[in-house]
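Chains A and B supply the protein sequences, listed in that same order. Take any residue in the first sequence, note its place counting from 1, add 9, and you have its number in this note's numbering. Take any residue in the second sequence, note its place counting from 1, add 698, and you have its number in this note's numbering.
Derived by calculation from the structure, the hints in this document are not laboratory data. Just to be clear, a hint being listed does not mean it is correct.
Cut-off 20 Å, straight-line C-alpha distance, at most; resulting in silico cross-link-like pairs (SDA-like, lysine to any residue) [as the list claims (entries may be wrong)]:
hint	chain 1	residue 1	chain 2	residue 2
1	A	K106	B	E778
2	A	K151	B	S866
3	B	K856	A	T148
4	A	K106	B	N783
Covered stretches of chain B, as calculated for chain A (at least 3 residues, CB under 8 Å) [claimed, not checked]:
hint	stretch
5	709 to 722
6	913 to 919
Note that beta-carbon positions come from the ideal geometry of N, C-alpha and C, so glycine has one too.
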Amino acid sequence: MLVEILGIIAAGAGAILLLREQRKNRRIKEIEERIPAALLDVSTLPNITFRSAIDHLSKGYGPLSEEILGVKRALDRGIPPRRALTAISGCKSRLLKRAMKILLTGIESGANVSELLRQAAEDIEEELEMERSRRANLTLQKYSVLASTGVFVPAVLGLTERMVAQMVGSGLSTNATVLAVLSAIPINIGIVAISGAVFAALIDGNVRYALQYGAITVPLALLSYALAGGGLVI
Amino acid sequence: MDDYAKYSLLVAAALSTLAAITGGFQAGALVFILAIATAIALPYRMARARAELAEAELPYFLRTLASEVDAGIPYIQALEDACENSPELGKAVKKAIRMYRRGIPISKALESAGEEFDSESVRRALVHVAALYHMGKEAQTLRHIADAMLSVHRAESKRFSAKLALYSLFFLGIAALLPALFTMYTAIGSLFLTERMDATTAFLISAILLPLLSVASLAFMYYQMPAFLRR
């Protein structure tokens, strides 16, 4: 019973860590998702200046506007545009920085800003579209591997262990080969759960996530194994 | 003989000696052949993997460059910016920028960057990147190349998603069914059949070989993924 409770606590803690990390990334994604529409909107403004573009972007675009608000405040304090842009340097969105740079340089160079912004919006949208299609393709793969390594594989092995234990019956304690195979099963389950976590982290593009995924899959796997196997070995 | 060949031979000899001591002459010979084959294939495989990564980064590299040049950002600055999100391609292009700063013409520098990759599309694209600098041609050509590459990526992506279900089944088979069958086999073998496996071998198969097979099948799944889907 203690093992089951510890397993649930460990898996819960891992899930919380993972959720916290993913919430941060979700905000960056939300910001980036809004950039193409925001640039297209700015491209329709008459006589676009950096100031008018920033004023327009600083409201109505959710988290994107929250980031732009810093630039607006800097401009209000009389800081020159190029230095004001350092207000978004804390944001980890590469696309936002690129959009702002194109906006400012385009305006400064006297290029056709509307056309430029439409082009930039199209480029960024294309990049986001590829990322969406990547996620659509791989999310199912990632979760099926996590479910397999965290639940299905340990459950199948736990059930197998239970069947073997019933089959061998009282002779189990004297059967060295069967005992050796059964004692290796938790090791197998642990290695497979860790490799599933690494695989999921690689799909997310950040090996650091392996720790968080591992904090969920390893206890979950041992828990499923203990439940399916009737807690024979653990 | 270069260093790589020398070290490969040394490692192959060491591994085959170890195999020969533990498993006999045939095992030693087999390990030697496998080690040499790996040493020969490895550089080609690594060069191809590098080229695939560069090809995956190319559309975004070209689009960033095109947007920034259109916006009036100086060419070299735009080139540096485009390198930021393209680690593999960026490394070679940054080297080309350093060569350019030492006085080598940008077309020559980019050409030599292209030569670093075993990829015709990377080499061709870098020729167009150089042309943008020399002829001041519209960045539109770069966008066309990027679009063409993206549509190829989309088609490949669809083809890969059709294979995904099969790979998941394959993994479940190796990770769950194989160990379960092995456990049943040892139990039945020790109870009802004359065939008995010694405890150490059974433990090593179950604790090392079978998990390694699962890890290998996951690695196989990962490397079957087109490079542009990996990050």
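Which numbered hints does this structure break? Per hint list: single violation, 5.
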